[in-house]
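Q: These are the residues of each chain, in order.
4 protein chains.
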Amino acid sequence: MPTKQELLNNPIQHIDIKQHNVVALVDAMQQMAYSSRDLARAASIYERMLRDQECGVILCLAGSLISAGLKQIFIDLIRNHMVDAIVSTGANIVDQDFFEALGFKHWIADDLLKQGTEDATLRELMIDRIYDTLIDEEELRICDETTEKIANSLDPRPHSSREFIKAMGAYLEKEGKIPAKGGVDSMVYAAYQNDVPIFVPAFSDCSAGFGLVAHQHARQDKPKVSIDSAKDFYELTQLKIANPTTGLLMIGGGVPKNFAQDIVVAADVLGMDAPMHKYAVQITVADVRDGALSSSTLKEASSWGKVDTTYEQMVYSEATMALPLVTGYAYHKQAHAARQ
Amino acid sequence: MPTKQELLNNPIQHIDIKQHNVVALVDAMQQMAYSSRDLARAASIYERMLRDQECGVILCLAGSLISAGLKQIFIDLIRNHMVDAIVSTGANIVDQDFFEALGFKHWIADDLLKQGTEDATLRELMIDRIYDTLIDEEELRICDETTEKIANSLDPRPHSSREFIKAMGAYLEKEGKIPAKGGVDSMVYAAYQNDVPIFVPAFSDCSAGFGLVAHQHARQDKPKVSIDSAKDFYELTQLKIANPTTGLLMIGGGVPKNFAQDIVVAADVLGMDAPMHKYAVQITVADVRDGALSSSTLKEASSWGKVDTTYEQMVYSEATMALPLVTGYAYHKQAHAARQ
Amino acid sequence: MPTKQELLNNPIQHIDIKQHNVVALVDAMQQMAYSSRDLARAASIYERMLRDQECGVILCLAGSLISAGLKQIFIDLIRNHMVDAIVSTGANIVDQDFFEALGFKHWIADDLLKQGTEDATLRELMIDRIYDTLIDEEELRICDETTEKIANSLDPRPHSSREFIKAMGAYLEKEGKIPAKGGVDSMVYAAYQNDVPIFVPAFSDCSAGFGLVAHQHARQDKPKVSIDSAKDFYELTQLKIANPTTGLLMIGGGVPKNFAQDIVVAADVLGMDAPMHKYAVQITVADVRDGALSSSTLKEASSWGKVDTTYEQMVYSEATMALPLVTGYAYHKQAHAARQ
Amino acid sequence: MPTKQELLNNPIQHIDIKQHNVVALVDAMQQMAYSSRDLARAASIYERMLRDQECGVILCLAGSLISAGLKQIFIDLIRNHMVDAIVSTGANIVDQDFFEALGFKHWIADDLLKQGTEDATLRELMIDRIYDTLIDEEELRICDETTEKIANSLDPRPHSSREFIKAMGAYLEKEGKIPAKGGVDSMVYAAYQNDVPIFVPAFSDCSAGFGLVAHQHARQDKPKVSIDSAKDFYELTQLKIANPTTGLLMIGGGVPKNFAQDIVVAADVLGMDAPMHKYAVQITVADVRDGALSSSTLKEASSWGKVDTTYEQMVYSEATMALPLVTGYAYHKQAHAARQ
Ligand SMILES: NC(=O)c1ccc[n+]([C@@H]2O[C@H](COP(=O)([O-])OP(=O)(O)OC[C@H]3O[C@@H](n4cnc5c(N)ncnc54)[C@H](O)[C@@H]3O)[C@@H](O)[C@H]2O)c1
Ligand SMILES: NC(=O)c1ccc[n+]([C@@H]2O[C@H](COP(=O)([O-])OP(=O)(O)OC[C@H]3O[C@@H](n4cnc5c(N)ncnc54)[C@H](O)[C@@H]3O)[C@@H](O)[C@H]2O)c1
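Chains as they are written, first to last, in the working numbering: chain A, 242 to 581; chain B, 242 to 581; chain C, 242 to 581; chain D, 242 to 581.
Fair warning: there could be bad hints in the mix.
[Said to hold, decoys possible] Only pairs whose alpha carbons sit at most 30 Å apart, straight line, appear in this in silico BS3-like list of lysine-lysine:
(1) Lys463/C x Lys259/B
(2) Lys463/C x Lys407/D
(3) Lys259/A x Lys407/D
(4) Lys415/D x Lys259/A
(5) Lys463/C x Lys422/C
(6) Lys463/D x Lys422/D
(7) Lys463/D x Lys390/C
(8) Lys415/B x Lys463/B
(9) Lys463/A x Lys415/B
(10) Lys346/A x Lys415/A
FYI, nobody ran anything at the bench for these hints, they're computed from the structure.
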């Protein structure tokens with residue numbers, strides 16, 4: 242049996258789109274077919290939504306993206322005003338981004354491990370596996386505990402996930418776990434600094450859930466922190482009302498995709514006349530034939546009155562391949578130059 | 242342009258597994274290959290978990306399953322003690338099951354519509370599309386409003402989604418929207434009658450979200466109903482602690498799959514020694530190579546200490562094809578005979 | 242290391258659709274959504290093409306279907322006049338069907354083997370793996386050699402694959418490897434008896450290829466058997482011309498799908514006015530977004546003038562699950578009652 | 242109804258990897274996860290096989306790759322000694338590459354067309370569709386006729402597809418349809434000039450099939466050209482025997498993948514001791530769970546004794562996205578510098 246150290250020795254490194262000018266490459270793809278052409282069109286729609294200074298860009302994240310080496314992209318989007326709000330699954334924000342901010346890493350698994358035949362060994366070593374990537378479970382437990390500590394420090398009342406995640410940003414600053422103090426950079430901190438709200442509609446479904454369960458368990462009948470996902474929905478809807486022109490950059494599907502699309506309807510329910518999302522891009526490998534939300538086309542979303550169809554594009558690709566090209570394209574074309 | 246009536250005239254009808262004895266068919270698949278063999282093994286694992294009278298069966302639902310004609314299966318599972326708790330997306334429970342309980346229907350779309358080229362027409366007619374199925378958006382708005390009414394009737398405090406959904410069951414009973422009063426049967430009502438808890442971890446991400454936003458908007462600074470998903474997690478974890486032997490029957494992946502798996506870890510966080518889920522079956526078309534939770538193997542889950550690997554099986558199939566066979570098999574083998 | 246006997250002890254058994262009346266089940270799927278509805282429609286189109294007594298039914302096979310337990314279905318289709326011509330990959334016809342006719346079997350692999358981590362062991366044991374199924378390589382070599390023997394016995398001239406496969410049927414009869422003599426039944430023999438032509442457009446790409454290479458190598462500059470795939474194409478086109486109304490039942494895609502579709506154009510090239518295929522059904526898991534032939538829609542084929550769009554249906558499903566339902570439906574509705 | 246000119250006005254343009262230095266980008270992907278990491282490993286294996294001067298590189302092509310804008314890549318591989326033999330489907334070589342050499346183009350389809358709802362219009366206009374790309378069917382008929390002309394010019398005996406394709410190269414030269422005479426460049430011509438053999442094991446399954454059927458029809462009982470795919474197999478096997486160290490670069494799967502893998506066994510059948518393919522890379526979106534050849538892992542191929550597992554990598558990606566990166570990486574690292 243290998244040791245933990247032997248297995249956890251080759252860290253995931255986050256790609257830096259600032260280093261790779263892919264403009265000519267993506268432009269060439271525009272005249273090809275299939276996914277490459279779709280990707281080029283998606284990149285140019287993202288460019289277009291950034292050049293539209295009215296447009297509030299909502300980034301939607303599902304899947305294990307941070308552990309896969311995409312963290313720096315999201316940080317760069319935040320710091321360069323290329324995104325105005327984020328809706329994500331909990332894993333990306335807490336178990337992965339905040340986890341790395343605490344000083345921990347994700348590790349490249351040896352190719353054989355992803356077949357699953359060694360999972361019993363991993364179990365014994367307290368190593369968790371995400372397909373081809375490994376995590377030290379003991380470090381993850383520290384992350385859980387940290388979220389409990391943060392919960393304990395908050396007012397015992399319903400919070401939106403956005404409020405809680407903001408508190409996580411404040412915690413990182415307070416603890417010096419930030420670049421200026423020698424720490425590693427994180428989405429949570431960059432968003433905190435730049436006032437970019439992060440919403441996690443299923444917030445208990447991640448490391449923070451463990452912290453919150455521990456918190457609520459300890460409080461018993463005393464007042465306690467709760468996470469109100471209706472409040473999240475209300476807050477994001479108000480952003481839409483305040484800033485009617487919006488565009489979606491969606492990686493994967495799931496709850497974040499639906500949540501962000503639904504705010505158009507929610508505004509309507511509140512009696513406000515909010516237009517459909519004007520721009521929409523989604524990168525996914527989900528198959529349309531399962532009828533699920535992740536794979537549902539943006540055209541389908543237009544039947545619900547959620548997404549306009551003039552500027553929408555789905556890209557059928559695993560995200561680690563497509564996202565560096567889509568975002569790198571917009572970045573190197575300086576599409577964000579005039580924002581903020 | 243067709244009229245709404247012309248497009249909404251062929252209703253989805255829910256398959257009744259009680260009418261189809263598939264035991265011999267599924268047994269034959271056991272000696273074949275690929276998905277059919279996997280399906281047969283999944284069916285026999287589901288049979289096995291039902292025969293294990295200690296075993297609490299947790300049903301996990303993602304995707305648009307009720308609109309697809311699978312509702313009666315879930316009702317039958319509840320009424321025949323073939324499921325002890327349910328974790329679902331909101332769409333299945335509120336927009337689809339509760340929606341039908343209110344007297345509305347889902348409609349079969351003409352084959353051409355699923356290409357998306359007629360979505361602008363659907364928009365004009367206030368018809369929403371789920372791939373090859375249609376919904377009257379005006380009826381869906383009534384469903385939203387009903388959830389607002391229910392929210393208004395509740396104590397202004399944090400509720401688990403389970404509590405809210407129970408109130409929805411009570412509402413159906415009170416309003417006579419139940420079989421005994423000539424209404425149609427529903428999961429929400431069957432679960433209410435049979436004390437089967439239903440959890441929806443991202444509860445605002447569905448029709449109920451609209452109702453809750455309206456409720457919170459109306460209350461302004463007054464005390465209001467909130468939905469505490471940490472409470473859901475805590476409650477489900479306590480079920481696990483009270484009833485340590487558990488099995489998962491998962492349709493699709495998403496938040497419900499992760500949420501149900503995580504309670505093993507949550508029990509541990511609370512200092513209780515809960516065993517991994519002993520049995521696990523998942524039906525999905527998600528592709529393992531995207532590294533996301535939906536597609537992650539049950540072997541991978543064992544590296545996290547969540548699922549035991551002795552009795553686990555994934556079936557790669559769209560659910561409308563596989564689920565009638567898996568559940569029909571267990572039903573006609575009377576695997577549940579001795580339960581409760 | 243396990244022994245060969247230990248690994249090869251649980252044989253694949255072929256499903257017998259005659260034992261499973263799935264008519265009510267498939268009829269129920271007609272009112273559901275997604276793949277089940279598509280499957281029900283495909284089954285009723287297959288029923289319809291059989292009831293059309295003018296219609297010549299062409300069965301197209303790709304993938305490893307015989308090794309997967311579907312052999313008896315194809316035999317039953319042949320013996321019940323539910324198919325008039327077959328276009329297949331070589332693997333199905335030679336490596337798998339003829340191989341079993343020679344007295345060999347396919348074996349169920351232990352679940353772990355399909356991860357590929359034990360392939361070095363299999364190599365050492367001379368066991369070949371097809372995903373979750375095993376083959377004794379030494380037996381396969383006997384199959385190769387038998388095709389060489391058959392090649393040696395033929396006129397040294399260009400043959401269509403159809404002629405060669407007919408000679409394989411004659412060989413089985415001569416050797417007594419047929420049910421009447423205690424042998425196992427096979428497609429090759431059933432087709433031989435019933436005069437159903439079998440075409441394999443890429444005939445050297447299978448066990449027969451090894452036999453033919455050995456044959457040609459031995460002959461050196463002497464006259465030798467060659468396989469003329471243009472002749473196959475010409476023969477199948479002539480069938481189309483003689484019998485203009487045609488329907489396609491396609492399992493998987495690949496060369497057989499394209500080959501059978503192309504005969505409409507070939508007839509046109511020969512100056513004959515052959516109509517498009519009137520009926521077409523395809524079962525596949527190929528994804529349309531790769532732009533390849535296997536996944537291309539039957540609507541797309543209509544742009545090429547190959548397939549009429551009134552009665553066409555693709556079913557997105559792995560074949561071992563869908564095919565027993567599609568063919569069993571037509572069989573138990575006695576759609577073939579009036580044929581021949 | 243639009244006119245043909247209106248629909249066919251935006252040509253596919255072939256990507257030129259020589260213009261895009263992707264080395265740093267691909268190197269960054271090496272430390273990420275999922276498909277990007279697989280892609281980076283595949284690129285480095287391709288680099289490694291080129292640096293191995295003993296290694297004969299066999300390029301395998303399935304899917305519609307030329308029509309998708311990948312032609313120039315293959316031409317560059319040929320002209321830079323980055324490939325030593327090619328096995329392909331007929332469509333790529335005849336209907337697409339040779340077709341373009343004759344002076345014709347592929348056209349970008351408007352996004353709506355790929356939904357298939359306009360295929361009847363395309364039919365009327367004699368426009369053929371490949372997913373999101375269009376072809377003038379009248380031009381394709383000229384391509385068919387040209388292959389007939391070439392068939393007519395050949396010795397009336399069995400030919401390997403390699404011989405026929407070489408004659409196509411000679412035809413292009415004779416007709417001046419080559420860059421030096423103002424024509425466009427093509428794989429067929431580049432391979433002709435550089436003595437790179439091209440094999441198409443199912444040669445009648447493409448435009449050439451129409452030409453050959455017409456040829457054979459006209460010849461009636463007179464001696465005629467036939468295409469002997471056994472000869473192809475024999476010839477490729479002899480290449481393997483002459484040059485034992487081999488590597489495979491496979492785009493898509495299908496017949497070419499199997500054909501090229503099988504030569505290891507064929508050499509063995511001829512009594513020669515040929516080693517397994519030492520290197521193997523495949524780019525595909527095929528799903529392993531269908532048990533078919535396209536999706537079968539390279540580990541599985543090792544159980545058949547066809548592919549060594551030390552340097553093998555599958556990349557799950559649509560080819561237009563992955564191939565420019567894999568080949569561009571090797572090209573810009575000058576991996577081929579010392580070849581020939
Ligand atoms: N689906 C809808 O129409 C709809 C409507 C309103 C709200 N929502 C909300 O969107 C969120 C996510 O929805 P989701 O669960 O539809 O998305 P999802 O796409 O995330 O589905 C999860 C997984 O389940 C698998 N799956 C889904 N349907 C399947 C099927 N028929 N067969 C096999 N596998 C299948 C998918 O492949 C996917 O991997 C939820 O919060 C839900 O309440 C959805
Ligand atoms: N498969 C083998 O084990 C094997 C062995 C020897 C030779 N070959 C040769 O390889 C070539 C190509 O083989 P192929 O047909 O296996 O490859 P393929 O992968 O090209 O299959 C063609 C298409 O059929 C679909 N398909 C295949 N199996 C399916 C299933 N079970 N359910 C649904 N869809 C399915 C695939 O998705 C694919 O799109 C042929 O010439 C064959 O003779 C194959």
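Q: Could you run down the list of hints and mark each one as holding or not?
A: Taking the hints in turn, this is what the structure says about them:
no.: 1; hint: Lys463/C x Lys259/B; verdict: violated (68 Å)
no.: 2; hint: Lys463/C x Lys407/D; verdict: holds (24 Å)
no.: 3; hint: Lys259/A x Lys407/D; verdict: violated (47 Å)
no.: 4; hint: Lys415/D x Lys259/A; verdict: violated (50 Å)
no.: 5; hint: Lys463/C x Lys422/C; verdict: violated (37 Å)
no.: 6; hint: Lys463/D x Lys422/D; verdict: violated (37 Å)
no.: 7; hint: Lys463/D x Lys390/C; verdict: holds (29 Å)
no.: 8; hint: Lys415/B x Lys463/B; verdict: holds (27 Å)
no.: 9; hint: Lys463/A x Lys415/B; verdict: violated (33 Å)
no.: 10; hint: Lys346/A x Lys415/A; verdict: holds (21 Å)
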